[in-house]
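Peer 1: These are the residues of each chain, in order.
Number of protein chains: 2
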Amino acid sequence: MCNKPLILITNDDGYAAAGIKALARTVADIADIYVVAPDGARSGAACAITSSVPVSYRELKAQNDYPSGVRLFACSGTPVDCVKLAWDNILPRRPDLLLSGINHGDNASISAHYSGTMGAVFEGCMKGIPSIGLSLYLQRGQRYEDYPVSDDTLAAIARLCEQVITEGLPIDTCLNINLPVSDVFKGWRVCRQARGRWEAEWATASNPHGVKAYWLTGVFNDLEPQSDDTDFAALRAGFASIVPTTIDMTAYGAMEHVNKLTS
Amino acid sequence: MCNKPLILITNDDGYAAAGIKALARTVADIADIYVVAPDGARSGAACAITSSVPVSYRELKAQNDYPSGVRLFACSGTPVDCVKLAWDNILPRRPDLLLSGINHGDNASISAHYSGTMGAVFEGCMKGIPSIGLSLYLQRGQRYEDYPVSDDTLAAIARLCEQVITEGLPIDTCLNINLPVSDVFKGWRVCRQARGRWEAEWATASNPHGVKAYWLTGVFNDLEPQSDDTDFAALRAGFASIVPTTIDMTAYGAMEHVNKLTS
Chain A
1 MCNKPLILIT
11 NDDGYAAAGI
21 KALARTVADI
31 ADIYVVAPDG
41 ARSGAACAIT
51 SSVPVSYREL
61 KAQNDYPSGV
71 RLFACSGTPV
81 DCVKLAWDNI
91 LPRRPDLLLS
101 GINHGDNASI
111 SAHYSGTMGA
121 VFEGCMKGIP
131 SIGLSLYLQR
141 GQRYEDYPVS
151 DDTLAAIARL
161 CEQVITEGLP
171 IDTCLNINLP
181 VSDVFKGWRV
191 CRQARGRWEA
201 EWATASNPHG
211 VKAYWLTGVF
221 NDLEPQSDDT
231 DFAALRAGFA
241 SIVPTTIDMT
251 AYGAMEHVNK
261 LTS
Chain B
1001 MCNKPLILIT
1011 NDDGYAAAGI
1021 KALARTVADI
1031 ADIYVVAPDG
1041 ARSGAACAIT
1051 SSVPVSYREL
1061 KAQNDYPSGV
1071 RLFACSGTPV
1081 DCVKLAWDNI
1091 LPRRPDLLLS
1101 GINHGDNASI
1111 SAHYSGTMGA
1121 VFEGCMKGIP
1131 SIGLSLYLQR
1141 GQRYEDYPVS
1151 DDTLAAIARL
1161 CEQVITEGLP
1171 IDTCLNINLP
1181 VSDVFKGWRV
1191 CRQARGRWEA
1201 EWATASNPHG
1211 VKAYWLTGVF
1221 NDLEPQSDDT
1231 DFAALRAGFA
1241 SIVPTTIDMT
1251 AYGAMEHVNK
1261 LTS
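First to last, the protein sequences are chains A and B.
Here the first sequence stands for residues 1 to 263, where the numbers follow this note's numbering.
Here the second sequence stands for residues 1001 to 1263, where the numbers follow this note's numbering.
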């Protein structure tokens, strides 16, 4: 007897977000689906793990917007906790693919470092699961609900998932996908992470007790807007960007410089 | 008039931890020191940022174990928040170096991804600050207080800091240093991130209300124990490991494979 492929889906916006439901519907026909996702928003959770308190999870009845047959679990922890819990305690067998998203807001360039969506993807990659993060490049104030990912984009995602299940990904490599807001799917662009910087990151406010409080905000500055091989260049041109991303952060090209510093 | 170098120090164990005080004492003679650190433990915070609530900070009188002249700030946020706050709101000028640590417990191999210590380092690197994370390779149950970093190791750290201030680090590159527990400093080993995996990650308990709760734990499995060029190999041999680490996570070697998947 041959099992269908098993896909683990998670995100950092919580199990009730529009993006994760769209993702579950997209791949419902090609695999058995387990959704193990945070019970609420965990934006900016990165690869954070919960170690000072215990975490818990519960199975929920999959709601209307989820396809039938999905097993749905809500977890009190971070996106990485979700993957670790699924792996050790929830999944009936080794998953063939991990999907994370579709995130409300992009995770291109260095934002991948802060992203809970991508944190879950890195965790899957560390466990040897082919893992893909998907995020939607929205402008500030735009909502996923008002700019849903187009049907032909979702169809292209389903085809790519089938390819990755069949062909796999190179060792220690996962995919960071960002999608433009668009009515039509213009195509994939395999590209590199843009160099960029977040600036002017704090808005100041006083709380009711007179204590100065700082809200994180910021303006993203693409440091190489002239390059055409970056994720942001692809997005600006209307393409869906795919950055092959490694969990081996060794800067192999810097070995000689650092050897000199220590000799 | 020529300013002394400025060093920003942070960590994920909080400003009161033994490791950060040792680090401040180590570089007190070579620079003006600003400590901007969490007000308590933030282990496993990775690159997490605080976006759903505001953060605050306050200046404290530097305590006995800090060297005189240190400016000390405690922050309600994550290690990354500390760096962002320091950069935009606290530091009097651009820092010449960021140090994070000395962490209680190692951040070798893939643990760098979960580490709040290294999260702060990545943030410094994103801002163009030469940035170094330092962690102590303790066995489970060992405490920093009982296995402090030796004086000659601290002296070697001070020399390296001076070198990095003078020579800088390659673009988008920071250093992930792990220190063995040792009475003598045996030397630096510039090496790569070991391939590894955390396994058996959950201990189960029931809370007083009868709900099953999961505590994160785990056993680290070095997937290439025979290699001699990894951080864990260096640590096992009694050397201090330095992994030059990049914030550009693009898997350049995987471009062709992924291009085929999408064509």
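Since the hints were made in silico from the structure, they are not lab data.
Every residue gets a Cβ at the ideal spot worked out from N, C-alpha and C, and that includes glycine.
Some hints here could point you the wrong way.
Claimed, not checked - With the Cβ distance kept under 7 angstroms, some of the chain A side facing chain B (calculated, not the full set):
(1) ALA45
(2) GLY105
(3) ILE110
(4) PHE122
(5) GLN142
(6) TYR144
(7) PRO148
(8) GLU167
(9) GLY210
(10) VAL243
(11) ASP248
(12) ALA251
(13) HIS257
Peer 1: Of the hints given before, which are not true for this structure?
Peer 2: 2, 5, 6, 7, 9
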